[in-house]
Amino acid sequence: MRGKGSSSSKISTLIVDDDPIIRRIHKVLLTKVGLETQVVENGKKAVDLYHSGASFDLILMDLEMAIMDGPKATKELRAMGVQSMIVGVTARDLEVEKQMFMASGLNDCYVKPLTTDTVTALVKKLKKDN
Amino acid sequence: MEVVQMQRRFVEYAASLFREGFLDGQFTQLQQLQDESNPDFVVEVVSLFFEDSEKLLNDLSRALDQQNVDFKRVDSHVHQLKGSSSSIGAQRVKNACIAFRNYCEEQNTDACLSCLQQVKQEYSLVKSKLETLFRVSARSLLLKDKTNLESGFQTSFSKSDC
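Note that the protein sequences, when read in sequence, are chains A and B. Numbering-wise (UniProt numbering), the first sequence opens with residue 1 and increments by one. Numbering-wise (UniProt numbering), the second sequence opens with residue 1 and increments by one.
Think of the hints as simulated: they come from the structure by calculation, not from any bench. Incorrect hints may appear among the rest.
Unchecked claim - What follows is a list of derived Cβ distance ranges for each label pair: (1) Val96/A to Gln66/B: 28 to 38 Å; (2) Gln67/B to Met102/A: 35 to 45 Å; (3) Asp48/A to Asp59/B: 41 to 51 Å.
Think of the CB as a built atom: it goes at the ideal place given N, C-alpha and C, for glycine as much as any other residue.
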């Protein structure tokens with residue numbers, strides 16, 4: 001379990017997605033840009049991680065997942081006081097869907113899979129905020 | 001020289017797949033992610049896609065074969081298939097799934113069955129083309145390895161070859 005006070009200076013990320021292909025692609029993508037990654041298959045596992053004391057600089061949160069979906073998990077994390085950057089990933093570029101997801105407490109929302117450019121921009125943002 | 005010819009074959013074949021709409025920019029993104037630390041990344045992800053798709057296509061056939069079709073279930077499978085085909089850049093499969101979802105909404109069994117046939121066809125096509133692409137790539141890499149053994153050149157199925 002990684003805490004915020006980790007000795008590593010790398011940005012830590014949590015990938016939350018029920019699609020093994022997306023998990024693989026995002027893991028390689030984020031690792032390539034120099035980030036540390038951890039991967040879980042649904043929102044409940046993400047919430048459980050935070051409950052157990054783990055914390056991440058960035059969460060990539062999928063919209064549709066079994067057991068606990070993106071909006072529900074995001075709402076729970078925010079209610080717990082989690083300040084991590086949470087970026088939603090959706091399968092469709094539907095404005096209505098994105099807005100609904102954003103309303104649950106996201107910092108931003110993109111169509112998946114993410115591109116290198118988007119991730120680089122997110123990293124820049126994270127470094128600035130820190 | 002044999003190596004150059006083989007590499008050209010690979011480049012031309014890959015280009016034709018993009019031109020004919022079988023693959024789109026997302027496949028290029030995958031190629032860009034492949035490097036020495038992930039030398040088989042593209043093949044790995046595409047293999048995941050093959051596994052995933054075969055299972056989903058079976059599930060879809062079964063779901064549409066029921067007396068009372070559960071369209072929500074059908075839609076969920078198509079959504080997954082659309083997602084994974086989109087992730088690897090299998091454009092024509094993705095587009096076939098988009099059409100499919102419209103008929104799920106209308107709860108039209110016959111139209112859905114017809115869409116399923118279409119998706120199966122597109123999947124079959126892109127699968128065989130990707131397998132050919134990997135074969136051509138593997139052959140060109142083997143030749144490259146053989147030829148460049150002493151020079152210690154690096155080999156990879158990467159964007160630079162396209």
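Status of each hint after checking the structure:
1. Val96/A to Gln66/B: 28 to 38 Å: holds (31 Å)
2. Gln67/B to Met102/A: 35 to 45 Å: For Gln67/B and Met102/A the Cβ distance comes to about 41 Å; the hint holds.
3. Asp48/A to Asp59/B: 41 to 51 Å: Violated: the Cβ-Cβ distance is about 29 Å, outside 41 to 51 Å.
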